[in-house]
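Colleague: Here is what each chain is made of, one letter per residue.
Number of protein chains: 4
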Amino acid sequence: MIKLGIIGAGRIGKVHAESINKYVVDAEVKSIADPFMNEEISKWAENMGIKNTYKDYKEILNDTEIDAVLVCSSTDTHSQISIEAARAGKHIFCEKPIDHDVEKIKEVLREVEKAGVKYQVGFNRRFDHNFRAIKETVQSGKIGAPHIIKVTSRDPEAPPIDYVRVSGGMFLDMTIHDFDMIRFLSGSEVEEVYAMGNVLVDPAIGEAGDIDTAIVTLKLANGALGVIDNSRQAAYGYDQRAEVFGSKGSVAVTNDTGSRAVISTQEGVAAEKPLHFFLERYMQAYAEEIKEFIAAVVNDTEVPVNALDGLKPVLIGLAAKKSIQEGRPVKISEIEM
Amino acid sequence: MIKLGIIGAGRIGKVHAESINKYVVDAEVKSIADPFMNEEISKWAENMGIKNTYKDYKEILNDTEIDAVLVCSSTDTHSQISIEAARAGKHIFCEKPIDHDVEKIKEVLREVEKAGVKYQVGFNRRFDHNFRAIKETVQSGKIGAPHIIKVTSRDPEAPPIDYVRVSGGMFLDMTIHDFDMIRFLSGSEVEEVYAMGNVLVDPAIGEAGDIDTAIVTLKLANGALGVIDNSRQAAYGYDQRAEVFGSKGSVAVTNDTGSRAVISTQEGVAAEKPLHFFLERYMQAYAEEIKEFIAAVVNDTEVPVNALDGLKPVLIGLAAKKSIQEGRPVKISEIEM
Amino acid sequence: MIKLGIIGAGRIGKVHAESINKYVVDAEVKSIADPFMNEEISKWAENMGIKNTYKDYKEILNDTEIDAVLVCSSTDTHSQISIEAARAGKHIFCEKPIDHDVEKIKEVLREVEKAGVKYQVGFNRRFDHNFRAIKETVQSGKIGAPHIIKVTSRDPEAPPIDYVRVSGGMFLDMTIHDFDMIRFLSGSEVEEVYAMGNVLVDPAIGEAGDIDTAIVTLKLANGALGVIDNSRQAAYGYDQRAEVFGSKGSVAVTNDTGSRAVISTQEGVAAEKPLHFFLERYMQAYAEEIKEFIAAVVNDTEVPVNALDGLKPVLIGLAAKKSIQEGRPVKISEIEM
Amino acid sequence: MIKLGIIGAGRIGKVHAESINKYVVDAEVKSIADPFMNEEISKWAENMGIKNTYKDYKEILNDTEIDAVLVCSSTDTHSQISIEAARAGKHIFCEKPIDHDVEKIKEVLREVEKAGVKYQVGFNRRFDHNFRAIKETVQSGKIGAPHIIKVTSRDPEAPPIDYVRVSGGMFLDMTIHDFDMIRFLSGSEVEEVYAMGNVLVDPAIGEAGDIDTAIVTLKLANGALGVIDNSRQAAYGYDQRAEVFGSKGSVAVTNDTGSRAVISTQEGVAAEKPLHFFLERYMQAYAEEIKEFIAAVVNDTEVPVNALDGLKPVLIGLAAKKSIQEGRPVKISEIEM
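Protein chains in written order, with the UniProt record's numbering: chain A, 1 to 337; chain B, 1 to 337; chain C, 1 to 337; chain D, 1 to 337.
Nothing false has been slipped in among the hints.
Identical chains share a label here; the pair holds if one copy fits it or two copies do between them.
30 Å max Cα-Cα, derived BS3-like pairs, lysine-lysine:
| # | residue 1 | residue 2 |
| --- | --- | --- |
| 1 | Lys43 | Lys22 |
| 2 | Lys312 | Lys219 |
| 3 | Lys22 | Lys291 |
| 4 | Lys3 | Lys291 |
| 5 | Lys58 | Lys114 |
| 6 | Lys142 | Lys291 |
| 7 | Lys30 | Lys291 |
| 8 | Lys58 | Lys104 |
| 9 | Lys58 | Lys43 |
| 10 | Lys3 | Lys106 |
| 11 | Lys291 | Lys43 |
Think of the hints as simulated: they come from the structure by calculation, not from any bench.
Sequences and hints are given; from them, build the entire structure.
Modeller: Have a look at this one:
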């Protein structure tokens, strides 16, 4: 029985605690820490069978009974806590992104390697049944060599402006998942990026120095081309589709819905909207990623999404940002240096 | 170049004239007759390049230049005109049903055989691309031996009550197409029928002695079971679907639409309603059935839907009617005697 | 915290234990009994956190700490155990069917009423997201008054012949769910049934005195017509669809699949088969029905599927059986007497 | 009755002659000219009821009875013949592109204006029922202001290498339709283009100096972003889809198929591939564009796709070409000068 500590009791920290409770048989959450720990969270923790609640995450790192930690704190603390946890000998599951600063991510990589602990990054979409079906089809060879990889990723609503300001920009906050998806589905590395963006959803986003609508084109090492279209606000809900087109055919997935009901009336033929947002759409994927992390710890095998997989999308995101700023395609090698 | 005469200048007579004009290269309509011939029809005929317009269809039968006639007059005249046309040595395309009276249909069969002319019945749905795709799949063996044949057939709106009164009842007027479809798709004969019906759309239909909603179950000679569901009024339009389920799988078709557009908004995900009614849905099928009739005449080959195919669905329709009246399953052999 | 005992540790008993473990927060399984209790089951029970394992279910009935029992034993013991459990003052969740004998079901009803305990029957499909979506659409009035209710229900493979012999026949074993679905979706009672059946899947089923393919037509109290098509074996998997057609439109559901992937190649455009069988398709529905049972116990409210809902489909099933035997439509009132 | 002359008796010239014959009531093709006129073409022309066949198109221009000409000759002759036809006072329907040379197109524009004749360019896809449905939805305001316009355009097979060499490159030969579609669907002008391309289908295409796979990103005057993905070879056939995403929702179309049949077997659930190529997919659109051209001539109204609509996509194509060559985004204004 693996004992876990969760660092950060915000939305995603709770999601992980709950899905471990429901779906993961060989692990249990022993402790949870949050600087804003309060009675409400403590009560929730008690209901979940979590023994200890702390304000200071170091209590978790100091607990020798705890095998692994889930870093679910605010983004700007990910790299620092990761380093401390590695030094404490804990296996680490860290929410994305590890950091916005490439140097800090590299430091995490070095510390993790030195400590010899497992390090998994929270690219949950890789565990979604739909994207897995694409990946498996590509790997089966049914559609031949990939030529074009397309990702559509649109949120149902823009985050609060206060969040936008500290988010690192849309590319590092939202598109980073799509950069990972391009790598995952293509099985290849991104070499060059060109991004076109605009502020079409909300002028306040522009005033905060960000964009809300974008098309990103990517050149991959295997010659394939990738393209992502993003919007911070889709009126019909969370739009998460992808397609890989190859020499022998294509594989594409559409959105999940709450039911398969189709209603035909004088007004037309109506189906349901996509599941509203990431909690609805990716609930099973969140459980699956933790399951596989625990399995890697238990069996001492490779984690499915490692620290390098955490670094690469940040590099792509920084290149996309530079591309927008300078109005030209940017090579990943320009960022890496 | 085959020369044709059309008897009956109502809606379906005009549909045939127009589709011959557009799609049939080796035939032309020389004459058209209608007891209610008037200036409007004459003008239309002139535009269509039809030389002669008559009140009396006998003028067409007496024209030795005319090779074949299309019987598009009112249902109660089909068998009489068919007999006269056969005696005049014309090949005959006759709209369904040949007659509501089995004896009269049998007389037509005898006269047609005696005269040695071609006789095709207007079961246009056999020529629809969707139902053809089912038929071809069944024949290919891909779904194995047919076990269940399902037909959904619902009109967008009920006919006028005056028409209902003389229509011979829903089974002979509307379901007759579905009885033909069951025979066509199964490749087998119907042996027994049980019908359950009700008046749910319009009480006036009940007062006129008819029903507007029905489920008909059919036992086929090859052991398969058939089922038809009918309504005189579907709010969303013309609903024409079918499925054959067999030992190795199933094949099903959905409705055609004007476009493949899907609109996603806050209200939901909306597609188009089915094409409104038979003229929209079966326009190509009407052209196709005439093309194949002409081809059978030109090449002296078998017509694709012969006089016996015209008789069988009437027998099934009469059995369904009797089943409703007597509240029990009825064998086709009870009707045939 | 409600304490539960499970009687019967076969497939469905285990499914319930596991889903209570995962999804039901305010109940726990204290004990499980099975006449064939063995080490394997005991080990599984231990893993599930179940304290007691018994051979004799009476140990559970005698345990005053236990609030409610789940009757998951073989069908022929359902009514007897239900009666004993009611007399022991336990709330009861009973798998379908309660019994094949109407008199015994009525005795259960009397004993349950006398004891004042909750009694829920395991018609799990009512809790499926797709069928719920139909029900909610019908209740919303969007499609008007129901005219036609259609249920397609086909299993991926026939049960073993030994099971077929004791199953009570396809109508009481398999179609009974569909009879319940017709009642659930229409909100009305079945008054008359006509069934047409055949042996098309496996001659051994016929030799065992049963059928494997059927069309059942039903007349409902509100005037609507119902139709069910059944097969014991669909090559492509578990086919569970339904449609309600009404005065203002229709609502229909298709099958769930493992993913929404569509693969386009030279061979065609391919999607996934339906989820294979009831465990895959209805896993969430099994959890949901138990959740609602527990909620009814905790809050002392009506159970969502009561004992009368357990009786009615058996009556319809017996009528369908009689219809096949006598080749005529059978009124439910003929069975009830 | 409008009298037409067709210049060029290749595939597209014949398509137009045949669809005028079938679908256009108020026009007839009087003459057809082709430098390679031969017996086979003459026979075909006779069958189509075309009176005159010439080698020299000037015979058509000199025929004062002819009101309008269809320029269906090889691309390099479009602008020259257009100019001569304008000077001869003929209304002109010209296949795309008018020319690859911007100056020559501008000369055509001047001559057409001077002569006061109608000039329509053959962007047939604007007349396709699916793309029209998108356009109408955008215009209806249902999806709000357009933010992202996506076009997927993939051919079933690459053209012969000899053709590739003289085609002007994929952007001017194939993508030009997609550039027009972006303008049509967005109702806005393209201001800047970035193109990423590769040779993934056939190395011979690369040796001929062209690419076969591309992603093109476009910045529009109204702030919206456009994106096109192209391949010269899709194993599953002609892939022609589009989507407009806006502030209130999105509208998207999928491909047409020969039938709506879905076959479910042990292997999976299979639907038909898209209609094979442009002749199958756009047959009705070809008829529609000519109908509207004739209507504009008859009623002296604006043509639906004018000479300027012929110029703009060429400018975008040249910008895309330059973008590939120079590895940077290119403004349309750089090309126009």
